[in-house]
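In case you want the letters, here they are:
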Amino acid sequence: MKYSLDRNAHSFLDPRTKLLLLFTSSVFVVGNAGEKQMVVFYWILVFLPVLLLFAEREWKTGFAAIMIYVGSYLAGLALQHDLTALESALALMLYIITKILPTVILARYIVKSTKVSEFLAAMHRMHVSDKITIPVSVIFRFFPTVVEESKAINDAMRMRGVEFGAKKAAEAVEYRMVPLIASCSIIGEELSAAAMTRGLEVGKKRSCIWKIKFKFQDWIVTVFCLVCFIRWGIGWFYK
Amino acid sequence: MICFKNVSFKYTGEKESLHDIDLTVKDGEVLLVCGASGCGKTTLIRCINGLIPHFYGGELKGNVTVNGEDVNKTSLRKISRKVGTVFQNPRSQFFNVDTTSELAFGCENFGISPEEIEKRIDHVVDHHDLASLMDRNIFKLSGGEKQKIACASIAVEPVDVIVLDEPSANLDHKGICELQKMIGAWKKEGKTIIIAEHRISYLLPYITRAVLMKKGRIEREYQAEKFRSIPEDRFHFMGMRAEGMTDPLEVNVDHDEKNSFNGDLILKNMRFAYRHEKPVFDIPELKIPVGEIVAITGTNGAGKSTFLRCMCGMERKCKAVLKAGNAEWNNKARRQKIYMVMQDVNHQLFTDSVLEEVMISQEKEDKEEALEILKKLDLSEFADRHPLSLSGGQKQRVAIASALAANRSIILFDEPTSGLDYAHMMQVSNILKLLKEAGKTVIIVTHDVELIKTACTYIIRFDKLLGTEKTD
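For the record, the sequence lines run as chains A and B. The numbering of the first sequence is this note's numbering, which starts it at 1 and goes up by one. The numbering of the second sequence is this note's numbering, which starts it at 1001 and goes up by one.
I should point out that these hints are in silico values taken from the structure, not numbers from a laboratory. Beta carbons are placed, not taken as given, at the ideal position from N, Cα and C, and that holds for glycine. Among the hints, erroneous ones may be present.
[Stated by the list, open to error] Okay, the calculated beta carbon distance ranges per label pair:
id : chain 1 : residue 1 : chain 2 : residue 2 : range
1  : A       : SER26     : B       : LYS1188   : 50 to 56 Å
2  : B       : ASP1027   : A       : ILE132    : 37 to 43 Å
3  : B       : LYS1376   : A       : ALA9      : 34 to 40 Å
4  : A       : VAL146    : B       : GLU1014   : 27 to 33 Å
5  : B       : PHE1139   : A       : PHE23     : 33 to 39 Å
6  : B       : ASN1330   : A       : VAL146    : 29 to 35 Å
7  : B       : SER1389   : A       : VAL146    : 53 to 59 Å
8  : A       : SER26     : B       : ASP1247   : 51 to 57 Å
9  : B       : ASN1063   : A       : GLU189    : 24 to 30 Å
10 : B       : LYS1215   : A       : SER26     : 55 to 61 Å
11 : B       : GLU1014   : A       : ILE66     : 55 to 61 Å
12 : B       : ASN1063   : A       : TRP59     : 45 to 51 Å
13 : B       : GLY1028   : A       : LYS131    : 21 to 27 Å
14 : B       : LYS1376   : A       : LYS60     : 44 to 50 Å
[Claimed, not checked] Below, a list of computed lysine to any residue pairs in the SDA-like style, where the Cα atoms sit at most 20 Å apart:
id : chain 1 : residue 1 : chain 2 : residue 2
15 : B       : LYS1073   : A       : GLU201
16 : A       : LYS131    : B       : ASP1135
17 : A       : LYS151    : B       : CYS1318
18 : B       : LYS1453   : B       : SER1418
19 : A       : LYS211    : B       : ASP1098
20 : A       : LYS112    : A       : ASP82
21 : B       : LYS1078   : A       : ARG206
22 : A       : LYS151    : B       : TYR1274
23 : A       : LYS211    : A       : VAL70
24 : B       : LYS1436   : B       : VAL1290
25 : A       : LYS204    : B       : SER1075
26 : A       : LYS2      : B       : LYS1073
27 : B       : LYS1181   : B       : MET1245
With the hints as constraints, model all of the structure from the sequences given.
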């Protein structure tokens, strides 16, 4: 099999567009800015992340997200009047899910679909200092590590019979955190040593093999985000 | 050329780890640095790639030069253009999540043009047969594949010197063969190669010279021919692992095959498959002798860890049952009867002190008994220490102590000797025998031929059990 590197193999959206979209989603979906005037934009922002997941072929997560969202939304509608204390606590929880889930899904899409080096290059073009971008990119790299480590620790705890709802339930949280922090900090140190022996240093110009280009779909999403903010601004003026 | 002149080094707050090193490595040499663990091999390597003194602080005397430049006075970034490093742990040497970016990473940091990097990557992928590993998620690769990517990403960089710090520690037989090929290719290209290792057989054909270190000093220097003629038991005495390039699948252990087992454990219905995929393994029935030390070998990558998880009853989808006498243990029962000592024991030590670690495993906390167990495993003096402050071997013994405290009858080990030198491997082997004497059934998943030969009484070869052919 002959391999040839495809430098155009980047994801559907540019990293800059993704960040703008994340910001817009936080303001209008989580922050609920503009409320009723923004209804159309709101719903687009709620379902766009799922479409992006589909573009990355993450069918399972995408459909699961839709089910959870629609489920919580409908259940929230049912729990509107004459609530007992327990029911209102439940209603509050469902409300928080519908507010936060779309942005969480978007964040997941960003972490999954953005290459570290692509992210560094795009941020460099926006003149963001690598004093900020290199640590952020390490965080990207660390998500899967933390997941991997916690799975292993979880197995170890189940084997010892230390579980929530079993013996030592109160200490279970501490027992989980100690090895997680210990092993993540070892990995972190080894990782930075390895990165430095490969020439990573703050403040030095680096190149990027992935072609960073603002494509047609990036323009559409950017214009959409700007329109959201403009519509919101107009709403302020003509209250 | 690499030159050490009267080099001594001491990590901050520790004893001196290098004394008076004088060493010259000519261009194109392949130098093996060997010796028991703690002899200063890793420290020596770190002096060449600049991690000492730029990353690990301490007191450095004398000077190290790489191609005429003093490492102490040159920035890490500048050294990294000349020296590439392959580390021991494949988990922690990747900065990227996808393999292709990882190959490009070093060159990108040097600011080499993307077109040039593309050419270099295509060349390396072609030469080392890596096409099937490209554009993959590194977290989904096996240990051997990760180490292959680590080597390849150094091959992409335009470095003249390559240093490797125990690169085979986490590799199985196949992985070591791949690593060996890579080193051969580098030698052909005329790179200067320095390797710190306990496991030496795979390097013997390529080395031009070897140095033996002991307690921070270079004790002896051998020309290649002389070194190759050293007999195996002499290597063991020097702390090295000298087993030939033997495939663990071809090892036999001394026991009478026809001898019936001493009361069987029968593992039934051991089958696991990811959805829409061929089964990872499919074993209708497997007999395991009780009260013996059984090696399971020939497993690798995802198959191995899934097998272990199913065995311990962690995998819901696996419906295996373990018959022990009249009892049948389902997943839940197995979680309470089997204890696994993990490859990375850090994952299974939770508490503040060694004693507490043992006591939370007991049915009813009993300090006397816990101390007794610690004594048996030579851990008495560490009872009040934090488990994570102990050495690797001591941590492993703490995990074994908690298995004993939980009164488990089956103890499972996942690669208990990876990265250990000969003396430490023998120590593990003796502990396994101790467990056998205490009436435990010990099952070890390993590819360590020397461990199998010294400790195990039975061997189960995994490849013949893989049922994939039958199900097709």
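Structure-based check of all given hints:
1. A/SER26 / B/LYS1188: 50 to 56 Å: holds (55 Å)
2. B/ASP1027 / A/ILE132: 37 to 43 Å: Between B/ASP1027 and A/ILE132, where Cβ atoms are some 41 Å apart, the hint holds.
3. B/LYS1376 / A/ALA9: 34 to 40 Å: Roughly 57 Å apart at Cβ, these two residues miss the hinted range, so it is violated.
4. A/VAL146 / B/GLU1014: 27 to 33 Å: The hinted range 27 to 33 Å holds for A/VAL146 and B/GLU1014, with Cβ atoms some 30 Å apart.
5. B/PHE1139 / A/PHE23: 33 to 39 Å: Because 28 Å falls outside the window, the suggested range is violated.
6. B/ASN1330 / A/VAL146: 29 to 35 Å: Given about 31 Å between the Cβ atoms, the range holds.
7. B/SER1389 / A/VAL146: 53 to 59 Å: violated (23 Å)
8. A/SER26 / B/ASP1247: 51 to 57 Å: Holds, since A/SER26 and B/ASP1247 (Cβ atoms, about 55 Å apart) stay within the stated range.
9. B/ASN1063 / A/GLU189: 24 to 30 Å: holds (26 Å)
10. B/LYS1215 / A/SER26: 55 to 61 Å: The hinted range 55 to 61 Å holds for B/LYS1215 and A/SER26, with Cβ atoms some 58 Å apart.
11. B/GLU1014 / A/ILE66: 55 to 61 Å: holds (56 Å)
12. B/ASN1063 / A/TRP59: 45 to 51 Å: violated (59 Å)
13. B/GLY1028 / A/LYS131: 21 to 27 Å: violated (40 Å)
14. B/LYS1376 / A/LYS60: 44 to 50 Å: Once the Cβ atoms are compared, 49 Å apart, the range 44 to 50 Å for A/LYS60 and B/LYS1376 holds.
15. B/LYS1073 / A/GLU201: holds (17 Å)
16. A/LYS131 / B/ASP1135: violated (28 Å)
17. A/LYS151 / B/CYS1318: With a Cα-Cα distance of about 18 Å, the restraint between A/LYS151 and B/CYS1318 holds, given a limit of 20 Å.
18. B/LYS1453 / B/SER1418: Roughly 15 Å separates the two Cα atoms, so the pair holds.
19. A/LYS211 / B/ASP1098: holds (16 Å)
20. A/LYS112 / A/ASP82: violated (43 Å)
21. B/LYS1078 / A/ARG206: Holds - the C-alpha atoms of A/ARG206 and B/LYS1078 are around 14 Å apart, at most 20 Å.
22. A/LYS151 / B/TYR1274: holds (18 Å)
23. A/LYS211 / A/VAL70: violated (38 Å)
24. B/LYS1436 / B/VAL1290: With Cα atoms ~10 Å apart, B/LYS1436 and B/VAL1290 stay inside 20 Å; holds.
25. A/LYS204 / B/SER1075: holds (12 Å)
26. A/LYS2 / B/LYS1073: violated (43 Å)
27. B/LYS1181 / B/MET1245: holds (13 Å)
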